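Asker: Protein chains in written order, with my numbering: chain C, -11 to 383; chain B, -11 to 383.
It is possible that some hints are incorrect.
Because identical chains share one entry, a pair is satisfied inside a single copy or across any pair of copies.
Said to hold, decoys possible - Subject to a maximum C-alpha distance of 30 Å in a straight line, what follows is the list of computed DSS-like cross-link-like pairs (lysine-lysine):
| no. | residue 1 | residue 2 |
| --- | --- | --- |
| 1 | 57 | 10 |
| 2 | 339 | 150 |
| 3 | 22 | 57 |
| 4 | 325 | 54 |
| 5 | 171 | -10 |
| 6 | 22 | 201 |
| 7 | 57 | 297 |
| 8 | 54 | 6 |
| 9 | 107 | -10 |
| 10 | 9 | 283 |
| 11 | 152 | 297 |
| 12 | -10 | 152 |
| 13 | 9 | 57 |
| 14 | 54 | 327 |
| 15 | 355 | 327 |
| 16 | 57 | 21 |
| 17 | 201 | 325 |
| 18 | 54 | 283 |
| 19 | 54 | 21 |
Simulated from the structure, these hints should not be mistaken for lab results. Fair warning: this is a prediction, and the values are worked out from it, not measured in the lab.
Protein chains: 2
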Amino acid sequence: MKLNKNFANLQESYLFSKIAKKVNSFTAENPNKKIIRLGIGDVTLPLVPVVIAAMQEAVAEMGDAKTFKGYGPEQGYSFLKENIQKYYKSRNINIVEREIFVSDGTKSDLGNILDLFDKENIALIPDPVYPVYVDTNRMAGRKIIFANATQENTFLPLPDRKVKADIIYLCSPNNPTGATYSKEQLKEWVEYALANHAIILYDAAYECFIQGKEIPRSIYEIEGAKECAIELCSFSKIAGFTGTRCAYIIVPEALIFDGMSCNKMWLRRQSTKSNGVSYIVQKGAAAVFTAAGEKQVQQNIAYYMENAKILANCMDALDIWYTGGQHSPYIWLKCPKFKDSWKFFDYLLEKANIVGTPGDGFGKNGKGYFRLTAFGDRENILEAVARLKKLVHNI
Amino acid sequence: MKLNKNFANLQESYLFSKIAKKVNSFTAENPNKKIIRLGIGDVTLPLVPVVIAAMQEAVAEMGDAKTFKGYGPEQGYSFLKENIQKYYKSRNINIVEREIFVSDGTKSDLGNILDLFDKENIALIPDPVYPVYVDTNRMAGRKIIFANATQENTFLPLPDRKVKADIIYLCSPNNPTGATYSKEQLKEWVEYALANHAIILYDAAYECFIQGKEIPRSIYEIEGAKECAIELCSFSKIAGFTGTRCAYIIVPEALIFDGMSCNKMWLRRQSTKSNGVSYIVQKGAAAVFTAAGEKQVQQNIAYYMENAKILANCMDALDIWYTGGQHSPYIWLKCPKFKDSWKFFDYLLEKANIVGTPGDGFGKNGKGYFRLTAFGDRENILEAVARLKKLVHNI
């Protein structure tokens, strides 16, 4: 029996264990110093009341033979899919229920969707990037080309028509940079994909943080996108479901390559390799779309975005270059004082007792940059800002 | 962009839609006839009280900032893994926590574990079989050889030493036949796998139905199995989690091929393509292992097994050949009167208003055989038996 040798090509991921080691070491030597963590990509506010109530009700149903639910439809219950459909409709995008697939997470969908694509395709992936895009393709043995996101293009790479790619990864608002594409920029990508008979995997996991109506919240706001793009979104950020696990992936029926339908293939893949998402969790997710649910999750989103604004204002005050913070809980800043992100990490930890994430962890273009996140406690955010101002003024 | 052409080699799965069509048709023409469904592979009893209580508590925790859980460890929380470890220990099997991976289902694990294996491996799959084993390998473009399960070998195929295989599927107690391997028979398979440097995927999803101590409940009861077998098990049948979604897969650290560790690869695969199982669901699963939980789930298992016994006794009384029913909720019978399973299906539906599953749906060796399941309501089981006796006596 031969194992998949592509796994030997994966790099060890040391980013978070390296961070943990440094933080543990510092804490051991400085037990009285209060560390503020601005590196986490996890939510901190609890699930909202209407979601809790819906799940309590669903749990009770599961304890009663009359309302007990066994195997559900692998693609998700209609009561949830129709709400997702309405969510798109409210933004003038028409998706049919058959194009919506409920899952336990965008991370799962990102990994599993690759089952549909031949190994010989070339993946075009931004750098810096959420490492999952890279690793999932390396596991399949696929060739990867990187699209450089740099300060010069404000971390929003555009298509290079000299480059041929088959699977294009776009994430907007971006993790880790928080940068967001404009409608015109996405139009260029859709045109490029159509011209190359390529597919776009559009990660919209952070769309809920977008303010106003200018910045697109879905790739399907661009004409032609249904013929070339799959969109992934999640309840993790909009409703704090990082530990509850629910997401959705849109696979349009218009997505056809060599006469084969991606939608039919995904339906088959999920019917074969999944038994769907917990009924209880789907009931919780559906509650997000009620009037009360929308109000409650928007309060949490506003809380995080106010944190982001406070961090962004701090960057402005300190004249530090950054992206993000406006339509994203992530701030991606150019390290002051140091060219090396890890040196800045150490400096920030030792002098200000703040933990962030060095940009190196996201790719070569992350060197010299740093990610701070706005998911934490308001008081901690304010204190962190005070410490940053003191620190940087003394540089 | 090229799609995965292996999907074109999948057969359309018409089994359950064909059954549904016939049943709907019959119901439309015979609205007053009470149909008894003995075809379902789904549980019918609700989740037990102690699981419900645990999940209510977990839901409440998720609504409170002090106890809220965000991202959990992808392999599952220790509070659940240590319980699974103890479950094995109680049967004298030593597994370390690192070898246990919690997932949302055996169906997912069966599909996803194949990421670890090269495409060029030969899969050895029983016939008749749970169709997922076949389809997941066809999607990967893998060559499949079938191990014939027939009445001659009481649907318990043993290794053919002339046949070379790399990935061996065993399911015991079996779906669809309910047949169970003895320790001696499993020993032959382990020896075969070790001699062939092959891997066994041991589907133990129905182990909870085994009565007594003779029949093995884990492949690891066989010496040498840790060097050649991965075991999959689920909360679906033991605790009725078909709609709640929780399972586990054991990947021993001793499982090494060409110097590569399957355990390390699976850890990497799941860390990259999954964010773990809902905290709420894991809390429910852990409750199964409490004293109260064990008592309550055993009551449900006993209920199903009493149903199975009633069905099995009926087969005995009618002198119909069958396997299963003793350590499994499935009865796999040789169709009386008809050589064609679908003709027997129609006959059973029209004359006795009972729905079962024709063996054809599980492979060529299923022709002429039929599956009945014991998950239904006791009264319906008793009534079904009365109707069967009347029907078959009149043949």
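Asker: Hints numbered earlier in the text: which of these fail when held up against the supplied structure?
Answerer: 2, 4, 6, 10, 11, 14 and 17
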